[in-house]
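> This is what each chain is made of:
Protein chains: 2
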Amino acid sequence: MTNVSEIAKNANASALVLAHLSTDLKNRALTMMANALEEHRDAILSANKKDLQFAENKNIAKALIDRLGLSEEKVRAMVKSIRSVVALDDPVGKIKSVTELDKDIVVEQVTCPIGVIGAIFESRPDAVPQISSLCFKSGNAVILKGGREAQHSNKMIAKLLVEAMRKVPGVPKFAVQMIETRAEGIDMLKEEQYIHLIVPRGSSAFVKYIQENTKIPVLGHSEGVCHGYIDKSADLDKAIRVCLDSKLQYPAACNAMETLLVHKDIAKKVLPDLAAKFKKAQVELVGCVETCRVVPDVSPACESDWDLEYNDLKLSIKIVDSFSDAVEFINKHGSGHTDMILAEDRERADRFLDEVSSASVMCNASTRFADGFRYGLGAEIGISTNRTHARGPVGLEGLVIYKYKLHGNGQIVDDYFGDNAREFTHKPLTPPT
Amino acid sequence: MTNVSEIAKNANASALVLAHLSTDLKNRALTMMANALEEHRDAILSANKKDLQFAENKNIAKALIDRLGLSEEKVRAMVKSIRSVVALDDPVGKIKSVTELDKDIVVEQVTCPIGVIGAIFESRPDAVPQISSLCFKSGNAVILKGGREAQHSNKMIAKLLVEAMRKVPGVPKFAVQMIETRAEGIDMLKEEQYIHLIVPRGSSAFVKYIQENTKIPVLGHSEGVCHGYIDKSADLDKAIRVCLDSKLQYPAACNAMETLLVHKDIAKKVLPDLAAKFKKAQVELVGCVETCRVVPDVSPACESDWDLEYNDLKLSIKIVDSFSDAVEFINKHGSGHTDMILAEDRERADRFLDEVSSASVMCNASTRFADGFRYGLGAEIGISTNRTHARGPVGLEGLVIYKYKLHGNGQIVDDYFGDNAREFTHKPLTPPT
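Chains as they are written, first to last, in this note's numbering: chain A, 27 to 459; chain B, 27 to 459.
Calculated from the structure, these hints are not laboratory results. A couple of the hints might just be wrong.
Since the list gives no way to pick one copy over another, a pair counts as held whenever it fits inside one copy or between any two copies.
[Claimed, not checked] Keeping only pairs whose Cα atoms sit at most 27 Å apart, straight-line, the calculated DSSO-like set for lysine-lysine is:
#1 Lys303 - Lys290
#2 Lys216 - Lys241
#3 Lys234 - Lys35
#4 Lys181 - Lys84
#5 Lys358 - Lys120
One chain only, chain A, in its complex shape (with noise of 0.2 Å):
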């Protein structure tokens, strides 16, 4: 057995536990791992500054540094994400339906954690706090891979999270287990008996590979290609500034738009304009010919650009000859993220919301709000491409399932076969509240 089957092994035994925890344990263990981090944000640091020390050195490159030094603000901001889990509602032990089958039989759907959560995740060790804290409070056990650059700090954080948590009685001793090398990483992804989500983050093709390497369900999204409509029936101002936002207000972020469709109606009214915008903030413009006719300074694209996300500060235009070609524009091209149409004509916006079967599909807002804190998910784990289990930005409710719990009173099947055959009443009854 390798050190990681053991480990998962662990984590399956701690899952055992964990799942039936009080949420009044849970809340006590979360603030003795935010007090840890309050306490210990020196050694914190300073375990940082020997990551940031060994990047330096290897020179890696400035973005990835940016992302893995911690403050003394980010540590403050990583010890009120973990009491803000805390405020959170528990989402085990929710009763979802009860239904009388027959009398005093009763069966009851009821939220349960998942089990055993693999989390892989590059640089940041702010993943570290957040991760580890959703994974506990709703009743999974995790286990943490973070990238090699961050390792000192990750380890640092996790030991006190560990240590903290430690200290309340009746919670298990694996519940937070993290691994190291990139051996580890691959062996988890092969523990499919004992391992029951993958949650990875990080770029599309380090997720891409995880999905293509595990028989593991793994909660995710590989690309964002995000869409903008503008429709003949726009407001032109909300529009402008809508796409503006889509796409400027965090480009390297996985909700930015990347092509903006255009109906030929009003084209000509708003795409210089629009244009001539994105260019005064550094976009480089890509379109179809209609669209180069339309604004002579837009470069062609090419077939691949419609496919493209860029992450950066580029935008493919086309223009479209109807709605409906802007639908089926974005079902073909898009990857299922976010796609949002800008129209006044509510009937035009409430088919796109029906027809685009993207996982957040909005009408006059921009495509940044595909989030679970915007979304008001309190936290987020993740945002999802998948079109089972949890799909959009994933909040706790993610992190579980249900289990039935039939309550009888010696009831026997036979009973309800044959001549005489009993009828089953399947009453709904109303959940306690």
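Since the structure of chain A is already known, use the hints to place chain B on it.
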């Protein structure tokens, strides 16, 4: 592009249309489908005759032939099952939550179909109308792959269903498609771009093969190693009755009991009588050393017995020292399908339902109740031992996911950043009922 890629692509295009068909339109098409099978009963029966002839010539096992054979009554049952799907609540378009993010900007979480379902099943031609109608009602396109032994029946039924639904204007052309060869079935498992969920029905080995050979999520269960545990607080008359039903009511079912655990304090009181009743019903009994001591004509179990799904008139029995030992044993050896406690001590029963991590956990009722129809789900697409998406008996709700629909009025995310940042209200609104 293989034939199956084309089929999957067509299914996906049709799924985009199916996703927003009205309930009324779907119900009209389902009614046409039911009528078509009713009207063409003879054609179905004569196609079935060809399959039976082929099976006899090939010396196919009697049990398989039993499941393969159709009768007037079985066709009536098919028709009835489609009509019962008409009566089910439409699972699409249910508003799960509505949140005001700020003035004039609201996000709704609304149920929607998954997309394209690949259904793979063995013999039983009645799977064709059942799976087709459930997928259609939930707005999913489906690709059916039946067993070769039922090919004439399946083809005739599918043809009738497809012709009938296409008579209703608005129903897309490729809502239900069928593939036939084993090679096509294998090709289907590779279409993760267009197929979003595989639903396999068949033997453990069959389901396991599928789980191991696709990147598409699989909704199913390979094994049902279900336990009963007779606690020392059990009412022994009830316990005996329920245990007999759990094993005998349909021994080949996945929810039949395979292992019985008995608390040591009542083993001598209950086991001799219970074992005699099992023996009388031709059940082969194997047991732990203690069990063999208490009931001398029980044979010793081997270590592997505790992990076996017999699917037959065989039961393994183990005497345990404590409630906790029983829970631990079940979490270790069970397959997470269905497990049951017999106990009058309510607190202990509740602990069992909390601590055993299976999809269905039961107190004082036969494991055989774990079934979509008996749970009141209306219909069952399958039973899942997955830890994500859908668990236990899965009805129409397991064939939908949700999307976020955001309605704004020109809002941008940048207004919520920096000095004078706007604050989110995150006010839960009541969904319209």
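> Take the hints in turn and mark each one as holding or not.
Hint check:
In this homomeric assembly, Lys303 and Lys290 come within 27 Å of each other (Cα to Cα) only inside a single copy, at 20 Å, whereas the closest approach across copies is 79 Å. Taking the closest pair of Cα atoms, Lys216 and Lys241 come within 27 Å of each other both inside a single copy (7 Å) and across two copies (14 Å). With identical chains, the CA atoms of Lys234 and Lys35 are at most 27 Å apart both within one copy (26 Å) and between copies (22 Å). Only within a single protomer do Lys181 and Lys84 lie at most 27 Å apart by alpha-carbon distance; the minimum there is 20 Å, versus 64 Å between protomers.
In this assembly of identical chains, the alpha carbons of Lys358 and Lys120 lie at most 27 Å apart only when taken from different copies (26 Å versus 38 Å within one copy).
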